[in-house]
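Read top to bottom, the protein sequences are chains A and B.
Position 169 of the first sequence, counted from 1, bears residue number 169 in my numbering, the numbering being contiguous throughout.
Position 18 of the second sequence, counted from 1, bears residue number 18 in my numbering, the numbering being contiguous throughout.
Each hint can be trusted.
Interface residues of chain A toward chain B, partial, derived using beta-carbon atoms under 8 Å:
{"#": "1", "residue": "130"}
{"#": "2", "residue": "143"}
{"#": "3", "residue": "147"}
{"#": "4", "residue": "160"}
{"#": "5", "residue": "164"}
Treat the hints as calculated values from the structure; they're not laboratory data.
Idealized CB from N, CA, C, for every residue including glycine.
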Amino acid sequence: MKAEQNRVLNSQEIMRRISTASKPIVSGVEEKDVEHWVTIYIMGKGYKVPADLTILTAIEYAGYKFIRGCGCRQGFCGACGTIYRKKGEYKLRTGMACQTRVEDGMYLVQIPFTPAVKPSYDLNKEEYAVSTVFKYYPEVARCVSCNTCTKACPQGLQVMDYVQAAIKGDFKAVAEESFDCIQCGLCALRCPSEIVQYNVAQLVRRMYGKFGTGPVPAYVTKRIKEIAEGKFKEDMDRLTKLSKQELEKLYSERKRESEYKETKDSD
Amino acid sequence: MKIPFYPGCTLKTSAKNFETSAIASAKALDIELVELPRWNCCGTVFSLTTDDLIHHVAPVRNFIRVQEMNESGLVKDEYRMVVLCSMCYNTLKRANLRVKNNRDDLETINNLMYEENQRYEGKVDVVHLLSLLQNIGFDKIKEKVKKPIKSLKVSPYYGCMLLRPKEVGIDDAEDPTIQEDLLASLGAEVIDNPYKKVCCGSYQTVQDKRIVAKLAYDILTHAQERGAEVITTSCPLCAFNLDNRQKEVKEMHPGFKEIPVLYFTQLMAIALGLDKETCGFNLNYVNPESLLKSKNLI
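Just chain A, same shape as in the assembly:
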């Protein structure tokens, strides 16, 4: 019963959590309360940090402030890519700083951004075929199937498999296998064939979404028409004129989707 009550958080509590989620959780920790400590090396310099921190919070504990290379802190945005090596190992490992716990003797470097090629294209002008993949990412053909990309993927995706599927024109397989990609770029950094796997997958997902999944459902067409006809204009105008406080109040008091009674029109 108590667990049930905890799960049903009130709106104010949710707002409080959202607003604090992006603050370093190490603030307010008393050092005397920390029982276990580890030493980590941030770009070669050693720091003693509490053992139960993630790489992200440990770096903040050490005194660094993230301006880039940190986003959602929930393992979704892919901004905090990290390359690290564990004590006594030769392997360079990869991970998300917000999802990986520090270990004693860990050597770290942050990869806030991968300056990989990302061409512009207009899907309406492209052929739904492998030739489009090769047009924008010809280096895909150089894949030697070494699987280094898969080893590097912090999401555990079969990256090589989707690159190979792209070469075969199996775009459905590419879209499905790469669906959980967070665009961190670590695969591209490790690839000996200089392929930009994550951007290739994005191109294929876009093509597959546009051309490979059948016609646009009727309810989408209907809603687009309604928007064009101004069905939501009045509400939007009202919202955009509200103050921050009024918006927050409205958000916290909003009706949840589950509270709406399902009607035939709810599509």
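Keeping the supplied structure of chain A fixed, place chain B upon it in accordance with the hints.
Coordinates of chain B only, in the frame set by chain A:
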């Protein structure tokens, strides 16, 4: 018979007709070609550099898939892997030979693939479909022929990848007859072409079309002079160079008369009485349908 089948990228894109006609023909001969799950690139070109092991990883990784197919029951105790594309065949076969004959290389490659659940043990045998058919016996295939392609004058073209080097060649490198034997069993009138092993120009087709057009002209006209109405091949690259480049051949030689270039499996499908749809003639640059219709074959 269920047998592992490696298609390769071209059979999934520009040479879909090669795959569909082969699978259908094999089925008519009670052979089920079971596609390797999660297959990857064959390696494209066999690397001749002695210490360039990274380019042999791709072919060897595919052999692990064949082992897995036997374990999962997709095939039963069948370590032969059928290949259609001549390029894939050559690369896979040679990489396999290299690691079978050089266990140190195999060890190095296996160590690189440490994330695989198993190591390649060297048990796989890379087999070209033509060799498999030869093994079954062309006389047996003849028994299954429903519509002999009589009156069709067919000239086989081999190119290089099926025949060289000798240790992977499916037939005599100087005087191959395996395609001729198959075509004869299908009822065709086989036309010999002294240019059947002459290079098609290969990847020069990307760099300089004229080189390929010149070679294609020689290969095609020599067959035509001997009466050939159709050329057959097993290589999607040869097929592209001999078929699609006829556009450039015509520009260079306005008097040149187009000639259809087919995969041998397309003629097999017709002779075995299969639906024309399995042949995918729309992917052939020079469409053979009017010719085949005139011979009452489709």
